[in-house]
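Protein chains in written order, with the working numbering: chain H, 1 to 203; chain P, 1 to 393.
Don't take every hint at face value.
Stated by the list, open to error - Distance condition first, Cα-Cα at most 30 Å in a straight line; then the derived DSS-like pairs of lysine-lysine:
(1) K88(H) - K14(H)
(2) K42(H) - K277(P)
(3) K132(H) - K120(H)
(4) K102(P) - K42(H)
(5) K175(H) - K14(H)
(6) K14(H) - K102(H)
(7) K381(P) - K64(H)
(8) K381(P) - K85(H)
(9) K380(P) - K120(H)
(10) K186(H) - K118(P)
(11) K2(P) - K12(H)
(12) K288(P) - K14(H)
(13) K377(P) - K12(H)
(14) K381(P) - K120(H)
What the hints contain is simulated information worked out from the structure, not anything from laboratory work.
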Amino acid sequence: MQFDDKWVYTDKLKEHFMHPKNILMDATDYKYDGSGIVGNIKCGDQMLMFIQVDKEKQTITDCKWKTYGCASAIASTSILSEMVKGMKLEDAHKISPKDITKELGGLPEHKIHCSVLGDKALRAAIDDYYAKHGMKEKIKREQSKIVCQCMNVTDEEIEHAVLEGARTFYELQEKTKIGTVCGQCKGEAESLLNKYVKEHFGN
Amino acid sequence: MKRIYLDNNATTPLHPEVKKVLVDAMEVYGNPSSLHSYGREARQLVEDAREKAAKFIGAHTDDIVFTGSGSEANNTVLTTFTCQSRFCSLTAKHNAQIITTKIEHPCVLETASCLAGKGIKVAYLDVDQYGKINLEELKNSITEDTGLVSIMTANNEIGTIQDIKEISKIARSKGVLIHTDAVQAVGKIPINVNDLDVDYLTFSGHKIYGPKGTGVMYIKKGSPFCPFIRGGHQEKGRRAGTENTLGIIGTGKAIEMRVLEMEKDEKKFVEFKKLLKKGIEDNIPDIKFNGHPTDCLSNTLNVSFFGAEGEAILLYLDLEGVAVSTGSACASGSLDPSHVLLATGLSAENAHGSIRISMGRETTTDEIERVLDILPKVIKKIRDMSTAYVNKK
Numbered sequence: 001m002q003f004d005d006k007w008v009y010t011d012k013l014k015e016h017f018m019h020p021k022n023i024l025m026d027a028t029d030y031k032y033d034g035s036g037i038v039g040n041i042k043c044g045d046q047m048l049m050f051i052q053v054d055k056e057k058q059t060i061t062d063c064k065w066k067t068y069g070c071a072s073a074i075a076s077t078s079i080l081s082e083m084v085k086g087m088k089l090e091d092a093h094k095i096s097p098k099d100i101t102k103e104l105g106g107l108p109e110h111k112i113h114c115s116v117l118g119d120k121a122l123r124a125a126i127d128d129y130y131a132k133h134g135m136k137e138k139i140k141r142e143q144s145k146i147v148c149q150c151m152n153v154t155d156e157e158i159e160h161a162v163l164e165g166a167r168t169f170y171e172l173q174e175k176t177k178i179g180t181v182c183g184q185c186k187g188e189a190e191s192l193l194n195k196y197v198k199e200h201f202g203n
Numbered sequence: 001m002k003r004i005y006l007d008n009n010a011t012t013p014l015h016p017e018v019k020k021v022l023v024d025a026m027e028v029y030g031n032p033s034s035l036h037s038y039g040r041e042a043r044q045l046v047e048d049a050r051e052k053a054a055k056f057i058g059a060h061t062d063d064i065v066f067t068g069s070g071s072e073a074n075n076t077v078l079t080t081f082t083c084q085s086r087f088c089s090l091t092a093k094h095n096a097q098i099i100t101t102k103i104e105h106p107c108v109l110e111t112a113s114c115l116a117g118k119g120i121k122v123a124y125l126d127v128d129q130y131g132k133i134n135l136e137e138l139k140n141s142i143t144e145d146t147g148l149v150s151i152m153t154a155n156n157e158i159g160t161i162q163d164i165k166e167i168s169k170i171a172r173s174k175g176v177l178i179h180t181d182a183v184q185a186v187g188k189i190p191i192n193v194n195d196l197d198v199d200y201l202t203f204s205g206h207k208i209y210g211p212k213g214t215g216v217m218y219i220k221k222g223s224p225f226c227p228f229i230r231g232g233h234q235e236k237g238r239r240a241g242t243e244n245t246l247g248i249i250g251t252g253k254a255i256e257m258r259v260l261e262m263e264k265d266e267k268k269f270v271e272f273k274k275l276l277k278k279g280i281e282d283n284i285p286d287i288k289f290n291g292h293p294t295d296c297l298s299n300t301l302n303v304s305f306f307g308a309e310g311e312a313i314l315l316y317l318d319l320e321g322v323a324v325s326t327g328s329a330c331a332s333g334s335l336d337p338s339h340v341l342l343a344t345g346l347s348a349e350n351a352h353g354s355i356r357i358s359m360g361r362e363t364t365t366d367e368i369e370r371v372l373d374i375l376p377k378v379i380k381k382i383r384d385m386s387t388a389y390v391n392k393k
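Given these sequences and hints, build the entire structure.
Quick look at the structure:
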């Protein structure tokens, strides 16, 4: 019987998994202008990103990374590091998980959180650069707080989900995947949910 | 690329002798329940298989029931204790407590949690760092309400073998029924139901080089039983539905071959496991072997590689043609790592970084050597890009 092996993920993802680009093999001599780390090893994913910036043009000239994670985490960090080279900081800041998964040719739903980490790590690196170079005002939203460490969901995203219609913890989970791993944040998430519901929709 | 299959605890390739028997058996299409010669022909083959299965585990042929899978067999045994029908002899026990462990196969754990929703009390025994239950804890967990103790003989992920004989002694002394899920044990280690003194024992054909979609359930004569699938007199009314004749015949042949080959394979596995352990230890730093050092299936080796994630290990090995499995969440679709490894006290990060190598009768020395050549490179590659691994050198 002919075995037409489609592998687990797309060809593009496979290519980046087999030959990841821009890994930072040795950090000792690498001069970077900004770095950011997100994720949690306990949950199986952690990403660390470094960027070099052309200060005149405000563009990313180089991007290096390290990732602890599965194939889609490795591939999405790799592809992201290619995407951002030459990109303006403000454009890179806007890269969404959707942009990354699109570039990869799609990800299975339960793998989306792997690409979520990539864009967050990148934003953290850019914000780090802004912070170190006296451009704190450019950090989009003042230090939103991560509530769910596993899925990297912030208070800001909870607020966003509430504005989009989430009223129960379950609906919040559907929109943000918050608390779907270790569940430790459930209490805090619920009280924030109630707070924002009251704030925006209360009497 | 020549592929290497080291996932025999997931399933096994058909034994060549089983294949031959199956080809012949395909000519036999009668329904074993039919009275005519076509039916009798099929019946004879099914009963031959039953005899082989019974003999293999030291049971009486009447006590063997064929099911559609090991999972079905386990569901059947546990669900027996939910019967609330007033016509059922078990009704008096409908509040019975079930004692099981935290490292059972999901088909036991999820059935147990479903039963808990129906008012059955379920207690989950802890295991130690090697995956063994504590017999004292078992003793203390048994209450007046306890109806069944269900503990697996050997664990699928880490290979740890429980002392079912001692467990039965404890259960018997308190008048409690005992079930063991022996899916990973039968065909790998000698199993005798009289020696183990259990009421129910379940196993499956596809883990022993037989066809998939087959389960075998031993029910000790006189032990309570309630069918899971009703509506037919097949299997003496204990499992309705026309028999999977091909599956049953194949399982019978697989068992016959196990009798001939088990000892030889065991010797080979012991040798290969030593090779694997030494090869891994010598060439890869920062690892941990999971499972019991001695009371463990010889074909099974579970190992954690610190700072490397299991799905990535599995898929890099897959690209090299090597098939293993992992306790990492990322490979399973869920986000939680292996419940078995967590129960042994392994940290979530190290559970994410575990793989299981499970050998089979076709595994060769060359294959083991090739894996030992590939594995260190794969782990190094992953660790080089990992945020969670610092090379100590």
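How the hints compare with the structure:
1. K88(H) - K14(H): Given pair K88(H), K14(H) holds - Cα atoms ~28 Å apart, limit 30 Å.
2. K42(H) - K277(P): Holds, at roughly 26 Å.
3. K132(H) - K120(H): At roughly 18 Å apart (the allowed maximum being 30 Å), K120(H) and K132(H) satisfy the hint.
4. K102(P) - K42(H): Holds - the C-alpha atoms of K42(H) and K102(P) are around 20 Å apart, at most 30 Å.
5. K175(H) - K14(H): Given pair K175(H), K14(H) holds - Cα atoms ~28 Å apart, limit 30 Å.
6. K14(H) - K102(H): 14 Å, holds
7. K381(P) - K64(H): 16 Å, holds
8. K381(P) - K85(H): Measuring from Cα to Cα gives roughly 24 Å; hence the hint holds.
9. K380(P) - K120(H): 26 Å, holds
10. K186(H) - K118(P): 27 Å, holds
11. K2(P) - K12(H): Given pair K2(P), K12(H) holds - Cα atoms ~24 Å apart, limit 30 Å.
12. K288(P) - K14(H): 29 Å, holds
13. K377(P) - K12(H): Roughly 23 Å between the alpha carbons, so the hint for K377(P) and K12(H) holds.
14. K381(P) - K120(H): Cα-Cα ~24 Å, so holds.
Every hint from the earlier list agrees with this structure, and none is contradicted.
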